[in-house]
Amino acid sequence: MKSLTVRGVSKTYFDPYAGAHVTALHDVSLEVKQGEFVSVVGPSGCGKTTLLNMIAGFIPATSGEILLDDRAVAGPGPDRGVVFQSFALFPWKTVLENVAFGPRMRGLPLPECERLAREYLETVGLAHVAARYPAELSGGMQQRVGVVRALANHPDVLLMDEPFASVDAQTRMTLQEELTRIWLERRPTIVFITHDVEEAVFLANRVVVLSKGRVSRELDIPLARPRAWERLIEDPQFKALSKQVFDLVRAA
Amino acid sequence: MNPLLKALSLYVRWTRRWPVLASVLPFVPVLLLWAIVAEARIFPRAFLPGPIDVVMSFGSLVYKGILPEYLEDSVVRLALGAAAGVALGIPLGVLVGMSARAHRALWPILLFFQAIGDIAWLPILLIWFGFGLTTMTFVIVYTVLFPVVLNTVLGVRSVPIVLHRAAQSLGASRPRILLEVVLPGALPNIVTGLRNGLGYGWRALIAAEMIVGTSGVGFLMFDARRAGSVVEILLGMVVLGLLWYVVDGWMLVPLEKKTVERWGLVAR
Numbered sequence: 017m018k019s020l021t022v023r024g025v026s027k028t029y030f031d032p033y034a035g036a037h038v039t040a041l042h043d044v045s046l047e048v049k050q051g052e053f054v055s056v057v058g059p060s061g062c063g064k065t066t067l068l069n070m071i072a073g074f075i076p077a078t079s080g081e082i083l084l085d086d087r088a089v090a091g092p093g094p095d096r097g098v099v100f101q102s103f104a105l106f107p108w109k110t111v112l113e114n115v116a117f118g119p120r121m122r123g124l125p126l127p128e129c130e131r132l133a134r135e136y137l138e139t140v141g142l143a144h145v146a147a148r149y150p151a152e153l154s155g156g157m158q159q160r161v162g163v164v165r166a167l168a169n170h171p172d173v174l175l176m177d178e179p180f181a182s183v184d185a186q187t188r189m190t191l192q193e194e195l196t197r198i199w200l201e202r203r204p205t206i207v208f209i210t211h212d213v214e215e216a217v218f219l220a221n222r223v224v225v226l227s228k229g230r231v232s233r234e235l236d237i238p239l240a241r242p243r244a245w246e247r248l249i250e251d252p253q254f255k256a257l258s259k260q261v262f263d264l265v266r267a268a
Numbered sequence: 010m011n012p013l014l015k016a017l018s019l020y021v022r023w024t025r026r027w028p029v030l031a032s033v034l035p036f037v038p039v040l041l042l043w044a045i046v047a048e049a050r051i052f053p054r055a056f057l058p059g060p061i062d063v064v065m066s067f068g069s070l071v072y073k074g075i076l077p078e079y080l081e082d083s084v085v086r087l088a089l090g091a092a093a094g095v096a097l098g099i100p101l102g103v104l105v106g107m108s109a110r111a112h113r114a115l116w117p118i119l120l121f122f123q124a125i126g127d128i129a130w131l132p133i134l135l136i137w138f139g140f141g142l143t144t145m146t147f148v149i150v151y152t153v154l155f156p157v158v159l160n161t162v163l164g165v166r167s168v169p170i171v172l173h174r175a176a177q178s179l180g181a182s183r184p185r186i187l188l189e190v191v192l193p194g195a196l197p198n199i200v201t202g203l204r205n206g207l208g209y210g211w212r213a214l215i216a217a218e219m220i221v222g223t224s225g226v227g228f229l230m231f232d233a234r235r236a237g238s239v240v241e242i243l244l245g246m247v248v249l250g251l252l253w254y255v256v257d258g259w260m261l262v263p264l265e266k267k268t269v270e271r272w273g274l275v276a277r
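Residue numbers (this note's numbering), protein chains in the order written: chain A, 17 to 268; chain B, 10 to 277.
Don't take every hint at face value.
Computed footprint of chain B on chain A; a stretch qualifies when at least three of its residues, placed anywhere within it, have a C-beta under 8 Å from a C-beta of chain B [unchecked claim]:
1) 90 to 103
2) 109 to 121
3) 223 to 231
In short, the hints are calculated from the structure, not lab data.
Even for Gly, the Cβ is constructed at its ideal location relative to N, Cα and C.
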């Protein structure tokens, strides 16, 4: 069992423009069990990206601890895969090379890496663009590559930082549905950061509302799976849950 | 339709079909103007020979074997110097670009020495190394080095932090990140540095050959001045321009097309 524990984490940094110390996160605790899909939602500036960057190991916490099982997180590592808002694909690598990058870094033989990459590209219907460069794909396709690149490396936790915020609304819905499908098939542990309330509710088993650097509320989402917008958009339970989270975010 | 527009659309259509035309046709009016001014005898023939004279002089110098030999000397000097400059410049640029400590220590020195242009070194080099290959090589390496280093630093620093982070969370070690993220990410700037470096190096070499000269295109031109042969001076100038055209069009542009343009790092 691999579970993620965030215990009493705070982040304070010096803002040279304000000329003062600013607290981005204040005593945040979070528990994510293996196979769980957790959304962290909050208004901009609530510290959600800071939280993800600390779990990923990109920035250190000022105090508190972040554990993967009982091992403390120190710096970035392949046990925590990251999907970025700006995709962050390597422009000089083909789609296949991008997805095969993680397995290659783990030292798998090249043919095995490519077989794995192809297999993952197929799960999102992108096998036919394996030889293309990222710049030649649409935004939606690029982020599909971003998602499978992280998944192909078999991380213990998948960290997603507003991954669908920069694609158009139609593509976003398709990507959200695809992600729930992938989660059902492979059950990765996911921490999904977003400012979009409906996205948070649609995707997750549990929604964590973050406001002013604190966890203000956690909410279970007992909606049935598989989830599809076609059904949920008129679903009273989905609407009620969204309203509840919306009010919490608004009150923040 | 306006005949001018018609001519323009014809030009666009034909140059698209034969791209070579696009690199040749713009020179036609220049050559024509030159020929007319020369033929009109506004200046004495010995002062301003026409294009035909230059072509004939080209023929005779090639026939005598002087031009090919001198050209080879110049090109080999440039190639050796540039190779050394690049071999030193890219690692140095990566070091200064990636390490804050190296940047603090080396950046002021780089800026200082960049300001002391290639030719400004010649007086002291002539005293140290005399009129020879060492002096010329030093000048070229020096000239190529700075644009390559400064642009590599710029390129290394322009790689988005999010790509470093992506590579790190996919398990890449520092050397792998250098090889697979930093270097390709810096390539557009490295190519710019290479283009500037080779351009400056080529000019510096010609200048050095004029002063140090025992052979080479620069020597050919300066020697022609001594003999009062304007035709050979003009020929030297044309050769310099043509050679650069070839280096840029046959080496640098294809390199860019295959890499940075395909990757979408610069606008097509």
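Status of the hints after comparison with the structure:
no. : hint       : result
1   : 90 to 103  : holds (count 9)
2   : 109 to 121 : holds (count 4)
3   : 223 to 231 : violated (count 0)
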